[in-house]
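Student: Just so you know, the protein sequences line up as chains Y and U, in that order.
If you read the first sequence in the working numbering, its first letter stands for residue 12, the second for the next number, and so on.
If you read the second sequence in the working numbering, its first letter stands for residue 131, the second for the next number, and so on.
Where hints are given, some of them may not hold.
Dumping the calculated DMTMM-like pairs for lysine to aspartate or glutamate here, alpha-carbon to alpha-carbon at most 25 Å [stated by the list, open to error]: (1) U:197 to Y:289; (2) Y:394 to Y:194; (3) U:197 to Y:349.
Only some residues are given here: those of chain Y computed to face chain U with a beta carbon under 8 Å [to be verified]: (4) 252; (5) 256; (6) 297; (7) 322; (8) 341; (9) 346; (10) 349.
Since the hints were made in silico from the structure, they are not lab data.
Bear in mind the structure is a predicted one, so any value in this text is a computation, not a measurement.
By construction, the Cβ of each residue, glycine as well, lies at the ideal position given by its N, Cα and C atoms.
Here is what each chain is made of, one letter per residue.
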Amino acid sequence: MDGPAALQDRSLRKLNSLLEVSKAMAAAIDLDSLLGVILDRATAVMEAERASLFIYDEETGTLWNRISGSLGRGELRLPLGTGIAGRVAQTGVLLNIPDAYADPRFTPEVDRQTGFRTRSILCAPLVGHAGRLTGVIQLLNKSGGGVFTREDEEMLEAFASHAAVALDRARLVEAFVEKERIEEALRLAHDIQMGMLPRPLAGEGRVELAAALEPARSVGGDLYDFLVEGDRLWFMVGDVSGKGVASALFMAVAKTLFRASIQTETPLATVLARVNRELCRDNERAMFVTAFAGCLDLASGEAVVSNAGHNPPYRLGPEGSVAPAPEAPGIPLGVIADYVHAEARLRLGRGEALFLYTDGVTEATNAQGEAFGAGRLEAFLAKAAAPRPEDLVRGSLAAVRDFEGGTPPSDDLTVMAIRYLGG
Amino acid sequence: MEIREERHDEVLVIAPVGRVDSNTSGELERRLLRHVAEGAVRLVIDLLGVEYISSAGLRVLLLTANKLRPLGGQVVLCSMGRTVREVFDLAGLTALFPIEASQDEALVRIVAEGQG
């Protein structure tokens, strides 16, 4: 029989052990060390020979041994409902078994493997956030051959709730770290993608060109390219079907093909035929690119253009007129390998400009679900009255973002303006 | 987006309802490719309930047609609204698909071409 002093001493010890666990949790040590502290304290306070902790794996519906005194980590897997631990996990109710071998729910399999002789068992469920089962904690063999008491049950439940919180927290941290890793990879991909776009056109007195691309997510499927070679300015704005990483990869291929083709092939129709043929090759996913491409003769202002299923651009007169540019409509690149895209011709006078864009402009929506539309774009261009390409690009982006009023863009957005100054 | 299905003898009619864009086209793709894998060769895709289709949705239709072609199968589209029609026209894809005004006409066509 314990005297009052002994009782008081034991209560104090128990309180202290819980305090230690709380301190260990606050110290933000790693999960295994923390669970180690919990098991270690539980074993000592409740005078057990051994303690172990099982994690519930939702995907497989099994419990696995995360950490214990003698069993190695991950050695043991129990289906839900099997053995005492499996039963506790299934029912969510603590079990106190005075004599394991007399209980039909006990499976002596583990004892046979380890040579350990289980006598008494105290097992409690770990119930995490929103009542979700995260695992079970189990004590084996009350020392001195006794049985676990009602007081031990309450104590183990206190330890179990600490362990459950620790596991929940660890899961959140893991999910957060994984999310950070993915975001970092996407940030890098974004930088690489933006790095593929050409530098601003400089040192060319016959033409001004400005362009901008803003992906809706980290990476996108819009693209543009331009290159001055001698007397010719090649230009292109395109949009890959869909968005996200798959589109970004296809965008990179399309952009590279265009750049390679304009350096070796002329005329424009031949360039597009080559890009198209290559994009069709092994295109298992039926990805495609809509594109508007052209080649402007800087000496004469004559341009050859071709439209592969893209939004037709606008032609802006020096006096402020806005008209659809002539185009030769065709199907997107990457759809039919032997398709021949037709060419259209136009001649830009001094001060005349072309405004190219992707549907991220016209399909930008506001909080009411209205689309920016061709009407608003034309109104902007008319009001802009043929200023510098730089202003057209910046102004059109601002008009779209202003219209969206903070509604997150759902599509990538690209604009390009080219003004011919004369040969 | 919701996907309705109906079988008319050898022809499967798939009717997506709502927006077919980059958020929903994956679901339509899985559904169509599953039917192709399970042996469906004649598909009518009824676009009556589609309020908007993006390039991601067009890709799924192209993909399905590409998968069926080597199997001797076919996709016939029907019941396009004005908005959907504009997207097809803009992308220049109207000429690449057999398109009928109504589901009935699409069924007649796909059966006739299947026999021919």
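Student: Measuring from the C-beta of residue 349 of chain Y to each C-beta in chain U, is the shortest one below 8 Å?
Tutor: Because about 13 Å separates residue 349 of chain Y from the closest Cβ in chain U, which is outside the 8 Å limit, the hint is violated.
Student: Assess, step by step, whether the Cα of residue 197 of chain U is no farther than 25 Å from the Cα of residue 349 of chain Y, and give holds or violated.
Tutor: Distance of about 19 Å is within 25 Å: holds.
Student: Would the hint on residue 322 of chain Y stand, with a C-beta cut-off of 8 Å toward chain U?
Tutor: holds, 7 Å
Student: Can the hint on residue 341 of chain Y be confirmed by a CB-to-CB distance to chain U that is less than 8 Å?
Tutor: holds, 5 Å
Student: Starting from residue 394 of chain Y, check that the Cα of residue 194 of chain Y is at most 25 Å away, please.
Tutor: Distance ~40 Å between residue 394 of chain Y and residue 194 of chain Y Cα, so the pair is violated.
Student: Given residue 346 of chain Y was flagged as interface, is its beta-carbon under 8 Å from a beta-carbon of chain U?
Tutor: holds, 6 Å
Student: Given residue 252 of chain Y as an interface hint, is its Cβ closer than 8 Å to any Cβ of chain U?
Tutor: For residue 252 of chain Y, the interface hint holds, since the closest Cβ of chain U sits about 4 Å away, which is under 8 Å.
Student: With a cut-off of 25 Å on the C-alpha distance, tell me whether residue 197 of chain U and residue 289 of chain Y pass.
Tutor: holds, 19 Å
Student: Can residue 297 of chain Y be said to touch chain U, with a Cβ gap under 8 Å?
Tutor: holds, 4 Å
Student: Closer than 8 Å between Cβ atoms is the bar; does residue 256 of chain Y clear it against chain U? Give me holds or violated.
Tutor: violated, 12 Å
Checked against the numbered hints given earlier, the structure breaks hints 2, 5, 10 and satisfies all the rest.
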